[in-house]
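If you read the protein sequences in the order shown, they are chains A and B.
Start counting the first sequence at 2; every next residue gets the next number (this note's numbering).
Start counting the second sequence at 2; every next residue gets the next number (this note's numbering).
For the record, the hints were derived by calculation from the structure and aren't laboratory data.
Hints may contain errors.
You can't tell identical chains apart in this list, so a pair holds if it fits in one copy or across any two.
[To be verified] Straight line, CA to CA, 20 Å or less: simulated SDA-like cross-link-like pairs of lysine to any residue:
| hint | residue 1 | residue 2 |
| --- | --- | --- |
| 1 | K417 | E377 |
| 2 | K417 | Q374 |
| 3 | K40 | L151 |
| 4 | K417 | T219 |
| 5 | K40 | R14 |
| 6 | K281 | L229 |
| 7 | K281 | D228 |
| 8 | K40 | H292 |
2 protein chains.
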Amino acid sequence: MAPAMPNSVSPARPRAGDYLIASKRCELHNLERFLQMGKLVLTTGNLVHRLQRERGATNVFLGSGGTRFSSELSSMVRDSDQQQRAFEQELMEIHGTLTGQPTSTSLLNSIAAALHGLASLPDLRREVRSHSLPAEAAIHAYVERIGHLLTLVFDAAETVVDPAIASMMVAMVNLMQGKEMAGQERAWGSLGFSRGRFSHALSRRMTHLIDAQEQSFTVFTRFADTDLLTLWRSHNGEPWWQEIRRLRGLACSVNRDRSLDTGLADSWFALMTRRIDQLKELEDLVEDHFHRRCIERYTEARNALAHEEKLMESLDESGRAPDPVLVVCTAGEADSENVLPSSETGRRLGRSIMDLVQQQARRLDQVNQELNQAREALEDRRAIEKAAAILMQHQQVCESEAHKQLRRLAMDQGRKLPEVARSVLSMTGLLR
Amino acid sequence: MAPAMPNSVSPARPRAGDYLIASKRCELHNLERFLQMGKLVLTTGNLVHRLQRERGATNVFLGSGGTRFSSELSSMVRDSDQQQRAFEQELMEIHGTLTGQPTSTSLLNSIAAALHGLASLPDLRREVRSHSLPAEAAIHAYVERIGHLLTLVFDAAETVVDPAIASMMVAMVNLMQGKEMAGQERAWGSLGFSRGRFSHALSRRMTHLIDAQEQSFTVFTRFADTDLLTLWRSHNGEPWWQEIRRLRGLACSVNRDRSLDTGLADSWFALMTRRIDQLKELEDLVEDHFHRRCIERYTEARNALAHEEKLMESLDESGRAPDPVLVVCTAGEADSENVLPSSETGRRLGRSIMDLVQQQARRLDQVNQELNQAREALEDRRAIEKAAAILMQHQQVCESEAHKQLRRLAMDQGRKLPEVARSVLSMTGLLR
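Please put together the full structure from these sequences, using the hints given.
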């Protein structure tokens, strides 16, 4: 796609122009990688979507003692397997990019975790079919596998160093995170409704999952572009939302005395599935915008490169090194009048190159500033998730409790939630 | 040095173990690159040192109307040329690493700027010899070229993603920054003393350079290890420091009526050169520690890799995929008891791999947290320098005035200096 990176054969003597070109090639090469990352995120998102549905159905199946959703489950497993193959196919296609570059240590490791989880899905499904696994354990098993896939998306998103593209990734990551919370809500809700009752713990869990969704979607809307927001709003206007709210009400308000109509399980599953499919629709739109933006940026960058390679040639034809003259720039600009170039062409050529270099430097500076803002949003969400996971493991508490502990810490110390999460992460060593 | 990264030939089917190994290889590969970056920083530092001395002598020469330092200057130019060749040699040696990886867009561009500046040194020197260049313009010309070399060091430091090594780079960058401020102080002071008087502007500039040094050295001491601090303290205890303070006093307190003994130029130059050579000594020590630490980390990482490759082999010999069993980890740890592995060996193997993956994930998380702290310190200093440069160019003010404006902004808005600097950078587009 892009001109190959210059090979390691060194020039007779390093020259400014060569490195300016190399810098532009770097950008081009990066944009190619982002396109691949986008494809990886897309296939991962599709697999997550299938596994989320399979998880939901599994819980209707287990919650109903195997009387409901037996055939639905089988066809969903087929869908998941198909998507898993597509995911593995994608991994193999970008294997070279992933392992050939020393830039994605974390990404490679989270791919390892994801593959490890996927490899044991058949065992999990067998145990579900033979009812030899409690529903709670089954949900945890799916949650964990999907969690690995979402971590993979986080790490892929972090390899993006173009601000416009990165902020789309932030929207994507938060959308997927919120969608997964909705998926967990569907799964736990399916369990409760198909059993006809919600324990106190289960209700608390449902409440947490609803709050967590809102948090993720707030960040999503902050980074989403207009098209996305329009679709987002039209989705939330759907009339059947009322019914979801009603069922949520039943699930979150525990009432020991009265048991619920187990038939609600089907409508709950159907409604939440509609909701989650909406979110998938949004996800695909983000992916589409991401792809288009990458192509645009790639074309821009390639034209810029072509333009400057042309300039470099013209300089070489003129038979002189591209650095023929004293030019005082940046800080010294004010004094450049004091500086007499060896010749007028010299001044022109010298300026033209230094201007390009300065231009590139300024652009990269600004890019980095904008990038930092997108990165922060990504890092905040990530830090919170990871800190919660650590607390859950270290204190053997459930997710909602872990998040509650984090919020309490933040309140007590009057610090922001992400800050607190970061200090938890930096103490990981102590906690283990 | 390290095992080559796996080539793009994809495995039959992607497996967890392969990606765990690939992740470890990534780390190893990174550490190799840091070693090369360290060498680049070292040679750059040496070249900067020579150019700083040349700049100082140039100003005694110009300030004294060519009566002083004529021969010294010639020999210093020879030293600089020699170091410039070493620098270019180093660049060619790591040419493949630099241009072959899509990780250093900024670094490549700052190398272009540095080379461009160096290429025009001969013209600059000619103009100095022929007195066709005002001393101020000559200083600016050197300051600009050295500035490009320091930016290169910044960018090289930023490619380091190992916390222990990164914080050494932070110490290095701030040491070099402070040393350059001292070098500029020597240059402007040489001009003033050899002319026998300090204008109001010149005195203000000296004051700013002294303050700026202190700022950089404060950060340096924050990130320096014990050996460095010991050497740093012993340096500052030297008796001849008193004399530097006395001369600084003369330079900073303007006294129009009385002109200074121009003979002071020589002792000023000698004293400041002693001071700057001390700083170079520190610089070399940092470099030495950096190198040693890289080797240590490299050895650790290679052993870890070897250990895990062995494990993978043993798994492959056992003829089964390294993901034979359901294991619920992290969040689900508490529930893993509910999960029955297909076999005990299965459980053992399954655990051993997932444990390694989890271990790697935890380590990488913590590494990133620590890294962010080093990065911040680097970014703060960088943002301030760049914001000042933009103000200087945009408002045509001198460096001390630009820094004063930043400090005022910070005070008025009750924000930290780095924050203000960042908002200036993010507005670069508007300012130009």
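Status of each hint after checking the structure:
1. K417 with E377: both (13 Å within a copy, 18 Å between copies)
2. K417 with Q374: Both: 16 Å inside a copy, 17 Å across copies.
3. K40 with L151: within (14 Å within a copy, 39 Å between copies)
4. K417 with T219: within (16 Å within a copy, 28 Å between copies)
5. K40 with R14: Classified as between; 18 Å across copies, 40 Å inside a copy.
6. K281 with L229: So K281 and L229 pass the 20 Å test inside one copy only (12 Å; across, 56 Å).
7. K281 with D228: within (15 Å within a copy, 57 Å between copies)
8. K40 with H292: Only inside one copy: K40 and H292 sit 8 Å apart there, 39 Å across copies, limit 20 Å.
Every hint from the earlier list agrees with this structure, and none is contradicted.
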